[in-house]
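Based on the hints, put chain B in the right spot on chain A.
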Amino acid sequence: MLCRRLYQFLIVYFVGLGLLFTMKYMAGLSDYVIPNPRELWDTGCVVFGRYLFDAIDTLFVAMIGHILSVCLATVVGIVGRLATWTGSFIKLAAYNIQAYPVVAVAPIIFILLGDGLSSRLLIASMICYFPLLLSFIGIFSEPVADVEHFYSATGQMTWYLEVKIRAFENMSKLTTVIVGSATLAMVGTIVAEFIAADAGVGHRIRIALYQSDLARILAALLLIGICTSLYLAILEWIGHLVQRSWGQPKTT
Amino acid sequence: MTQQQMSIEANQLSFKYPGTDAYVFRNLIFQIQGAGFHSLFGPSGVGKTTLAKILSGQISTHTGHISTTNGQGRVLYSYNLERLPPWCSVEEHLKEVAPLSNQDKLQDLAHQFGLKPFLSSRFSQLSLGEQNRANLTRYLLQDFDLLIMDESLANVDERTKEHIILKTKEMFPTRSFLYISHNVLEVSKFCKHILVLRSPQKIPQAISVKGQDHRADSPIVKKDLERTMLEVVHAV
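Heads up: the sequence lines are chains A and B, in that order.
Take 20 as the starting number for the first sequence in the working numbering and just add one per residue.
Take -10 as the starting number for the second sequence in the working numbering and just add one per residue.
Chain A extracted, bound-state conformation (with noise of 0.2 angstroms):
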């Protein structure tokens, strides 16, 4: 799984890397503009510690970004399932406020928070929240008419065993949304870090653009492309994990 990611982001980073040069050779650019393979080649050993260093952490705060946005989105999917006034409400404004970019409001949240851990955090949360809230909502307020049709007659039916068959039902769908949802964190962190922040490697990458350093900002993406692809293995191993537990008898 690791491999099949890390194999496909090379071979993408690798063909963009191709096309660059090609440009740089066609078009006569300077190695100012585009910088040539054997610059790159130095400025990557150069900068290869210290930029691994930056996207570990850049993962760090993605993958915590990540979670608190997974717990976040299940709590409020939950209540937003309900057919209740506060169930409609969430759900209305989920739909709203997801429209607008929060890549807008993040120059707010560095000017109260400040530069700090905490404003990365959130707004890598807030990227990916959104779309995994829309989601949650939609699997958690799905009926699951055919398993829940006994429980409902019979009187068991509670709020937790409501949530627990219809996840189960779309447990594909949710190892798939919460998936995708973490390249978002990965983005919404680079884009904090970016904006604002002191630390990790899109720091990095707008310290590189000031000195116009082609160089050092392909090797930060090489570095994020592995990170990336390193959690979004880790992700779909879990999710297969699960999903193959559950759908095997415990005897037979």
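Please keep in mind that the hints were generated in silico from the structure rather than gathered at the bench.
Incorrect hints may have been included.
[What the hints assert, rightly or not] DEER-style ranges, computed between Cβ atoms: (1) B/Pro162 <-> A/His259: 48 to 58 angstroms; (2) A/Tyr32 <-> B/Leu117: 15 to 25 angstroms; (3) A/Met176 <-> B/Pro162: 22 to 32 angstroms; (4) B/Lys105 <-> A/Ser171: 22 to 32 angstroms; (5) B/Gln114 <-> A/Ser191: 14 to 24 angstroms; (6) B/Lys105 <-> A/Tyr119: 53 to 63 angstroms; (7) A/Tyr119 <-> B/Ser49: 34 to 44 angstroms; (8) A/Gln262 <-> B/Glu81: 15 to 25 angstroms; (9) A/Gln262 <-> B/Thr9: 33 to 43 angstroms; (10) A/Met176 <-> B/Leu219: 39 to 49 angstroms; (11) A/Tyr119 <-> B/Leu89: 51 to 61 angstroms; (12) A/His259 <-> B/Gln96: 33 to 43 angstroms; (13) B/Leu89 <-> A/Gln262: 25 to 35 angstroms; (14) A/Phe187 <-> B/His223: 42 to 52 angstroms.
The beta-carbon is built from N, C-alpha and C at its ideal position, and this holds for glycine as well.
This is chain B only, laid out in the frame that chain A set:
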């Protein structure tokens, strides 16, 4: 569970689904009384499932009057597409949903319904017939006065089906069952009364035919069974 025997009475019952002009029932009148197997019979789309849902309280937007044992009694509605939850084995589920007072019946029902070899399996691993038997078993483990069985024994072979119905009659002599099926032989043979539902254009919309109510201790008379089947077919 109430001691009084179940009776179902409908008077001037009318119903149409929201957003449609066509009536499913128009001034429907019928009465079913007593314990045992009763049947709802009729062609597809005539409203058997709709009537079952009205009886079980899932649909309440009808007009007219319908009651079960003067408004008392517990009515359960089971249908053949129901599924057991996927996270546990059939046995675990049955133990979990059976009231304490009925736990002792579990093994007996599992034995009678031929479920023993599959108790440790998950629901998704069973054949359609086994799934329907497992579903019916969990309903029989509940306290009820009337159990509506909407094609609940679909995909079960004839011999097993007969065995299950006869055993159910034997084990639950004071309970009422409303058996919904398209099989004229089945309803004529096993049911006390067959309520034949017809289209709303026909008057009356429901005709009651007396069935043979076959039991393990009462042999079936072929001639009587054929007469009942003819009555049912003509009533449609």
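ask   = Where does the structure disagree with the numbered hints, that is, which hint numbers, in rising order?
value = Failing hint: just 2.
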